[in-house]
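> Residues per chain, in single letters:
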Amino acid sequence: MEKMKNKKKHVKSETAYAWVTMLPGLLILAVFVFWPLIYSIPLAFTDYSVVGDMHFVGMKNFRKAFSDSDFIAALKNSIQYVIIVPIIQLISLAFAVALNQKMRGVKVFRTLFYFPVITSTVAVSIVWSWLLSSGGLINKILLGTNILSEKISWLSNDQTALWVLMFITTWKGVGYYMVIYLAGLQSVPGELTEAARIDRASSIQIFFKILIPMLKPQVVMCSLMSVMSAIKVFDEPFVLTKGGPGNSTLTASLYIYQKGFQNFDFGYAAALSLILSVIILFFSLFVNLYNRKK
Amino acid sequence: MFNIKKKIAVSAITMGLVIGTMGCSAAPSTAQKTDGDKETIEFWTISLQPTFNDYFGKLIADFESANPNVTIDWKDYPKDTIQDKLLTSIASDNAPDVVNLNADMTLTLGDKSALANAEEYISDETKNSFFDGIYGATKVEDKALALPWYTTIPIIYINESLLKDAGIPTDNYPTTAAEYYDWAIDVTKKSNLYGMAMEANIREILGSAGVPVFNEDYTELLINKPEAVEVIKEFQKLYVDNANPKENLDQETRAQLYNSKQVVSVYSGTTFVNKFKTTAPDVYQNTTVIPVPFDHSVTTTMYLGVPDKSKHKEMAFKFAEFVSNPDNQLEFSKTANTIPSTKKTIEDPYFKESDGSLESQIKIAAATGLEKSKEIPVPQHILEKVNRDLQDILFNDKDVQEGLDKIVEEVNKQLKD
Amino acid sequence: MNRKIKKTFTYLILICISVIMVGPFLWLLLSSLLPNTNVYDFPYNVKLQSFSISNFTGVFEFVDFGNYIWNTVLISGASVFLNALIASMTAYPLAKLNFKGKDILFTIIISAMIIPSTAAMVVNYLTITKLGISDSYLGVILPTSVTIFNIFNMRQAFLNIPDSIRESGRMDGASELRIFFSLIMPMVKPSLAVVVLFQFMASWNDFLWPMIVLNSTSKYPLSAALTMLNGQFAYNFGWVAAGTVLSILPTLFIFVLTQDMFVDGVSGANKG
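Protein chains in written order, with this note's numbering: chain L, 1 to 294; chain E, 1 to 417; chain A, 1 to 272.
Treat each hint with caution, since some may be false.
Stated by the list, open to error - Stretches of chain A that chain L covers, calculated by requiring three or more beta carbons in the stretch to come under 8 Å of a beta carbon on chain L:
no., region
1, 51 to 64
2, 70 to 77
3, 88 to 98
4, 121 to 134
5, 160 to 168
6, 184 to 196
7, 248 to 255
These aren't lab readings, by the way, just hints derived from the structure by calculation.
Only a predicted model underlies this, so the values are computations on that prediction, with no experimental measurement involved.
Glycine included, every Cβ here is placed at the ideal spot set by N, Cα and C.
Here chain L stands alone, though its shape is the one from the complex:
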């Protein structure tokens, strides 16, 4: 009896302690993250433009969205962007494993691999748009080594533009996830890999059968984040192509931004955001399910 009483007391005081500790964080999230989200839900049913008068318009924005060919194209592009997720994750994992070793200059390499992450998007745009222009370095190299017979305007060709943007996002992102995986690898005991090597396991086997499973929490978290960022991608199309040529690089977030901040159609933008979030939710559940299966 005494023991049970103590246990109850123990659980009770944990709750109080828990909420008090979480209060500052939860408060800030409530005010600056959740409040805007909640606020934008009713907004989707209005024609709010900030600068003008606001009227209730019912389902008009949603009906408009489904017959908006640009929005549909934007959704397709955003979903296509998800293709980079497995690629980025595998490459970052590989980098993290490769650079987790004791070897000369490994710290230098880590720093160098991380560079694209710290280069601001503006700097990235200046450099890459020059490199990729029809007279830029990339074309010069490809023409010189005879891989190409004719110059390609990588960012102005509707067949290549989106793929090029995806490449740039990958380039910019691998260092980011590499760092997270590096941190995760610290809690993988060295003895495991030692033992595997003694058993003559190849590096590839170690990579896929030991390291990835041990990093599962990080892999899940990074995959989830990566999927959400891919669908919500904004910076690269905004800075490099503004959605063109045609609507081949128009992504959902970019379109929503244009509707909101150029057209001042915040009501419509809010409706589009809601539709986008349903899609993101769907993808997140998918990743979650996949995680449970494995």
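Let chain L serve as the given structure and place chains E and A on it in line with the hints.
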């Protein structure tokens, strides 16, 4: 159990209190604006600080001494953020009083009734001081949305050393659109570089030929009418022969191409010279300019608008009139190498003088273009969409009439909302 | 022999990848150190004398650099500190303590990552104004003084710590606070380092929100001040390059500093 409920309740109440305070109007900002009898006018410009601190210092001092109860609070923002800033200011009931806007922004804001009608506040003298085309460009339904300020006029920049290398004569430059296109194609063939760089921008392509983009009250897009189609078809030919790069030719890209000597001539405004003066001094040395060989020069004018939610509209317009008056515009043109929007100013001998520099050449070439100037504002989101789709048609050699019809259909639908 | 070839091969690949990763930045660096040279005209005709730091001194004079760096240090420093503290405080109960509604709360928090919000900026600005902290650094820092990502990260780190630590701490009679700061926090150093690094970077590069909140340009952080270099009239590519290089350096510095924290080379190290 009870404790948990209590804790949740406390948290909820606290959150509620915080959210509740948001309902209370603290509004300290309005109090700051009127300090006793003194009126403060908030004046926003785009990317003019700190370059022109001296000019505006004097301008503001002059106005304040003529209007002792007024203080001008001058703020400056980059082009990308000024709209966001305007949005949040209006939303928090803290609108500025005079805002520097380009024509497209003016139209978009006017469409949402966010700008005060200048016609109600300014004198007839002021109304007549501007070039009709420029002043009228931002008039919608007899409401003048803003006052014209400084403008840039397009001209053609030519890198003569590239012509010499290709054995092309550097006299006898083209004077009509057809001549220019032929010249560009010829240059491309002989030099193996791009003959020209002009953006696939519906405003400039049609505007230069004098073909309208919109109908009078902006309810219908007219770019698929026969005359427009013809102009665009001619422009499409430039891509077939690779005379105009198949790239998104915003000013930054055109600068890059010109600086890296991949293009022989560039269509751009009078401030384009700043993009290569220090970055590519060798190109600067070899550049000459000619007026645009088109029927019209499509100007890019900066305007001064007064938000409808400003609390000092009268004084705001008085200040806007002052900034855009002929004398002050002359001073600004001299300082910034821009072109004025006031008729009297362009008659000043300054615009015919030359000190041999490229800047003088630019000034003179541009000034001659002012007579045939046209300002063609297009709401931003529509311009963006049309140009995106136009790029697709032009770069990929698609059927012009079909492509334009599709654009018109989609945009007209949007406009009806 | 085999081993040596393998090693050289590995190094070669790593160097190639490094070139791809760093190349663009190197071009920017080169551009900033070569004033009066047309950096778009490849290849360059440069002599040793062409190199100079005049772009950097130019930027320093044009833009009151010292002031802006100080502003940014303040803002980023505060943001990093608050995030490290508050995210940990919020994540710890979610990982380790037992209370009703724990899972629901966590799901709610995570779900916010799903919904994009364009109106967020406008709404948050209204909130800041009503709280009376617009045009202040508090207004800039407060909305992102804790982020969901950081909470996520720290929770993950705490989950990896065995419960026995807490038990033994309690048995030694230590208070919860003491256990938290002296025992548990040191154990999550790698994740803390990640939070510090990422938050610093986000804070340092953020220019839009500070520009919205702050009214006086003298309070701007560096990234906002650099936008002044990129207008129609004040365009000098060399300065833009120099400014960009300067703004990258601090994050680089922090990365080098924190590298030791998240890879301590003791556990999990493979032999090459």
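> Work down the list of hints and note, for each, if the structure agrees.
Outcome of the hint check:
no., hint, result
1, 51 to 64, "violated (count 0)"
2, 70 to 77, "violated (count 0)"
3, 88 to 98, "holds (count 7)"
4, 121 to 134, "holds (count 4)"
5, 160 to 168, "violated (count 1)"
6, 184 to 196, "holds (count 4)"
7, 248 to 255, "holds (count 4)"
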